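Colleague: Using the sequences plus the hints, can you model the full thing?
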Amino acid sequence: MQLTIPRRMTFVRGGAVQRFLAFAALLVMIVAFSLLSPNFLQFNNIVGILLATAVNGVLALGVTFVIVSGGIDLSIGTVMTLSAVMTGLVATNLGLPIQLAIPAGILTGGLAGMVNGVIIAKLKVPSFIATLGMLNVARGLALVLAGLAPIYFNRTPEFNEAAMSSVTAAVIPGLAIPNVVLVFFLAAIVASLVLSRTVLGRFTFALGSNEEATRLSGVNVDRWKIAVYTVSGLFAGLAGVMIAARLNSAQPSLGVGYELDAIAAAVIGGTSLSGGEGSILGTVIGAFIISTLTNGLRILSVPQEWQTVVTGAIVILAVYLDIVRRRGQQ
Amino acid sequence: MAEPLVTMEGIDKHFPGVHALDGASFELLPGEVHALLGENGAGKSTLMKILCGVYQPDGGTIRIKGREVHIPNPRAAQELGISIIHQELNLMPHLTVAQNIFIGREVRGRIPFFLDDSRLNDRARELFERLHLDLDPRARVGSLTVARQQMVEIAKAISFDSDVLVMDEPTAALTDTEIEELFRVVRQLREHGVGIVHISHRLEEMKQIADRVTVMRDGRYIATLPIAEAPLPTIINLMVGRTIYEEAPSAPTSGEQEVVLEVRGLQRGRMVRDVSFKLHRGEILGVAGLVGAGRTEVARAIFGADPLESGEVYVHGRKVDIRSPADAVRAGIGYLSEDRKRFGLAITMDVETNIVIASIRRFLAFLGQVNTRATRATAQQFVERLNIKTPSIRQRVRNLSGGNQQKVIIGKWLVADTDILIFDEPTRGIDVGAKSEIYHLLNELAAQGKAIVMISSELPEVLRMSHRIIVMCEGRVTGELNGRDATQESIMTYATMRESLAA
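Chains as they are written, first to last, in the working numbering: chain A, 1 to 330; chain B, 1001 to 1503.
These aren't lab readings, by the way, just hints derived from the structure by calculation.
Predicted, not measured: the structure shown is a model, and the values here were computed from it.
Honestly, I wouldn't trust all of these hints.
With a straight-line Cα cutoff of 25 Å, these simulated SDA-like cross-link-like pairs (lysine to any residue) come out [said to hold, decoys possible]:
# : chain 1 : residue 1 : chain 2 : residue 2
1 : B       : Lys1278   : B       : Lys1319
2 : A       : Lys122    : B       : Ala1076
3 : A       : Lys122    : B       : Tyr1055
4 : A       : Lys124    : B       : Arg1075
5 : A       : Lys124    : B       : Phe1015
6 : A       : Lys124    : B       : Asn1073
7 : A       : Lys124    : B       : Asn1399
8 : A       : Lys124    : B       : Ala1346
9 : A       : Lys124    : B       : Val1054
Some chain A residues close to chain B (C-beta under 10 Å, calculated; not the full set) [as the list claims (entries may be wrong)]:
#  : residue
10 : Ser209
11 : Thr214
12 : Arg215
Using N, Cα and C, we set each Cβ at its ideal position, and we do this for glycine too.
Modeller: This is how it looks when you write it as structure tokens:
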């Protein structure tokens, strides 16, 4: 059957197009804001954008796995809060060293994610519902554990210092990028490797592309689904530790709404809500688009409520462009 | 005689409303190609899916090389040395060819959990070389043609180096050259002692490749014969050998009757290409073709469920512009989907609601209230007229058998009083008794002057029911036959009339 049928080539993968568009949009935005306001490109403002991206970005990394696998995770925002509270509980209330509190926070997130995964894979509860339930469970637990009040890291001042100081400043004087931002970049590299190079990543795509085919290929679909949600939870846990360090406190009433910004970041970056497509690079770009937009609008003194309106419109636009592109492919 | 690789005995399987397998048995020897034959719905695929761990049997025993086994999932089947080429493509379109073939058996790198895709691609390349396939391991499967995807599926099944290879209609989407290639590989495997089960509707293929045939009918084992002792007429007899449900209807000579529906040059993607036909009053027009020939796509396009790229639809000689199913109903066209549960019924609602739902406007009283007395009376009337077996009109349709669900849908369109009815696989998944009632109903409707399009993959059904038959292949109408003169062979000839490869 040598070349009986002309092979149809796709030179550029679909997700790459969306990623390129997103990156171009980010550049356009940066140019536009810097022309409109001299303050935009100030180093302090850029650090502000980076800080605003870091927490949301880490959440978005985790949820990218879930969305690529064909599911959704709405619980990441409040799981982040629960993890922050757990970190505070261990460090402040129990008085244990911060080196123990950080893993406790991250693992709390992982545990919540694993519970999500078990409910979704074994009990066959749709991911939307299961994680919506977990959203409230985590929110409630965070309030219960914190006793309704914020927990401050009074005993461990080094926690906040470590997050806001900069190792890059030591290497290149003047380039003071806070460590918490570097953690985000590091997490992104790890996430990218896992998604594109490991067995877990391969099954994440396979699940999202055709779950039944994956099952019929003899893959233990349930186990990998649980792993995917656990990964999402671990990243939410890391985000919890990061936000606690930045605020030097665990705020138990925070968290709701963060999941939507994270999902938006992933979608803007070309992750398909129907699964099977997506990349960490795209998600990072998506996260920067959201924070840059919010920051720029604030610098231009656009009221907060209008910032929200614009962010919402951008998400709809991004998904619409994705649908148009897909239609073109068929 | 060598010890059988596979022995299946007394296999039973029920699906809701269907007795799919009734004490079926099957035996496979090493180094043979064993054809499994039967009409659609005879239970061939179900039997093989049980062997491959996709379904669990309700009863019976399976022995592999003499040892009784339990096959709870596809993975267990793989470990027992059984692999399957599924009828439907079971691939992950976003993954590459090599990633698809070795899913679950990835080549690991030096670091735990990390993959080595370049070695994966090498392994795929070696496999393709061995099989003489021209495939790029790095191509995304979603970007390949259906035929090439099928080759990926075949390569994947073979890559397991199994003792037992089940091929469930692997040739439906392949060209003749590709089928030749596949058979060459199959013969190669046979020489190595692999047992191969081949399910296909192309009887001529059997002569080329099979050593033995087993015929199934209505979920039961009928006979096993060496191919040399099984001429085609014998096989067909064994396959069809049941009472004929319904005499072929007396055909109103087409042409005398008014043309009710005419379509000209319908075009939509690869599945609907320049389709034209006419439908007369009181006529049953059979639409035959292999799975994937584009028949359902034509029906959906006429019905406005999918937009047409070009083409014209005339109803009673007047050109109509159908952009949505609502337009189609207004023009007097009803469509009975092949997938009743997804598209035909509000499955969790009751019989009454389903019967009146398409014509609810007629039952509206003051301020948009539904006149429940009228809907109840109408539902009751059609339950009686169509002999729908249900405890009451309040029964949820989910709890009815397939045949009775189909009758509810027919009732719905009769209430809507459309002149043109498009039946897509009207007897799929329906047991023999209910089939005969559906056939009777179709004849009655035609006699009353309805114009009926009947899409069916069951050739005997098409032959028995149709006044006229059009045959489709690869989205085109390749032939038109008179219902009386048509034979299985003549339909199959048109159904496999593929475009020349040069195109």
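Colleague: For each hint, tell me whether it holds in the structure or not.
Modeller: Each hint tested on the structure:
1. Lys1278/B - Lys1319/B: Since the Cα atoms of Lys1278/B and Lys1319/B sit roughly 13 Å apart, the hinted pair holds (cutoff 25 Å).
2. Lys122/A - Ala1076/B: holds, 19 Å
3. Lys122/A - Tyr1055/B: Judged against 25 Å, a Cα distance of about 19 Å means the pair holds.
4. Lys124/A - Arg1075/B: holds, 20 Å
5. Lys124/A - Phe1015/B: Answer holds: Lys124/A to Phe1015/B is near 21 Å, not above 25 Å.
6. Lys124/A - Asn1073/B: Cα-Cα ~17 Å, so holds.
7. Lys124/A - Asn1399/B: Holds, at roughly 23 Å.
8. Lys124/A - Ala1346/B: Distance ~23 Å between Lys124/A and Ala1346/B Cα, so the pair holds.
9. Lys124/A - Val1054/B: Cα-Cα ~18 Å, so holds.
10. Ser209: OK, holds: Ser209/A within 10 Å of chain B, min 4 Å.
11. Thr214: Holds - the Cβ of Thr214/A comes within 10 Å of chain B, reaching about 7 Å at its closest.
12. Arg215: Constraint on Arg215/A satisfied, holds at 7 Å.
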